[in-house]
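Please model the entire structure based on the sequences and the hints provided.
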Amino acid sequence: MSKDKHPTLQFEKEAHVATSAFFNIVNAWNVKLEDQLILLGLHSTSVIDNMKAGKVTNLSDDTLNRISYIIRIYKALGILFSVKDQAHAWPRKPNAHFNNESALKYMLKGNVTHLSDVCRYLNSQYF
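Heads up: the sequence shown begins at 13 in the numbering used here, then just goes up one per residue.
Since the hints were derived computationally from the structure, they do not count as laboratory data.
Do not rely on the hints blindly, as some may be mistaken.
Straight-line C-alpha distance at most 25 Å; calculated DSS-like pairs for lysine-lysine [stated by the list, open to error]:
1) K67 <-> K96
2) K117 <-> K64
3) K121 <-> K64
Label pairs and their computed distance ranges (CB to CB) [as the list claims (entries may be wrong)]:
4) N39 <-> G122: 15 to 23 Å
5) S72 <-> D47: 14 to 22 Å
6) G66 <-> E46: 19 to 27 Å
7) V124 <-> R104: 29 to 37 Å
A virtual CB, placed ideally from N, CA and C, is assigned to each residue, including glycine.
Structure follows, in structure tokens:
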């Protein structure tokens, strides 16, 4: 394998792992396709279809950042709740910290800072 191809192959593998994790999480949370697009900061369902089919060869820094926040939120929920069903239900439950909206509804406002806010909030609950 040439030195030039290695970073591309590594990135493709990382993109596949990241997207697989994202889809496992949003499936556990029962997130609709349209909402998955918002969480990823995307506008086309064809991109999601390609991601699900493992045909993603590049992801923007913004999309990777968003996936990273979703993974960190999922991990935090796993730490905070010993029962998976509770952890999976939490994103849909109203929360006073988010003006009595659910964390999911808050994240669906579309800005990456909303994902960051939820992640920071959860981390503050156990650190």
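Right, here's what the structure says about each hint:
Straight-line distance between C-alpha atoms of K67 and K96 comes to about 30 Å, which puts the hinted pair past the 25 Å bound. Annotation: proposed proximity of K117 to K64 holds, straight-line Cα distance about 23 Å (limit 25 Å). A C-alpha spacing of about 23 Å is found between K121 and K64, which places the hinted pair at or below 25 Å, so the restraint holds. A hinted range of 15 to 23 Å holds for the C-beta pair N39 and G122, which are about 21 Å apart.
The hinted window of 14 to 22 Å between S72 and D47 holds, with their beta carbons roughly 19 Å apart. The hinted window of 19 to 27 Å between G66 and E46 holds, with their beta carbons roughly 22 Å apart. The supplied range of 29 to 37 Å is broken by V124 and R104, whose beta-carbon atoms lie about 21 Å from each other.
Going through the hint list in order, the structure does not satisfy hints 1, 7.
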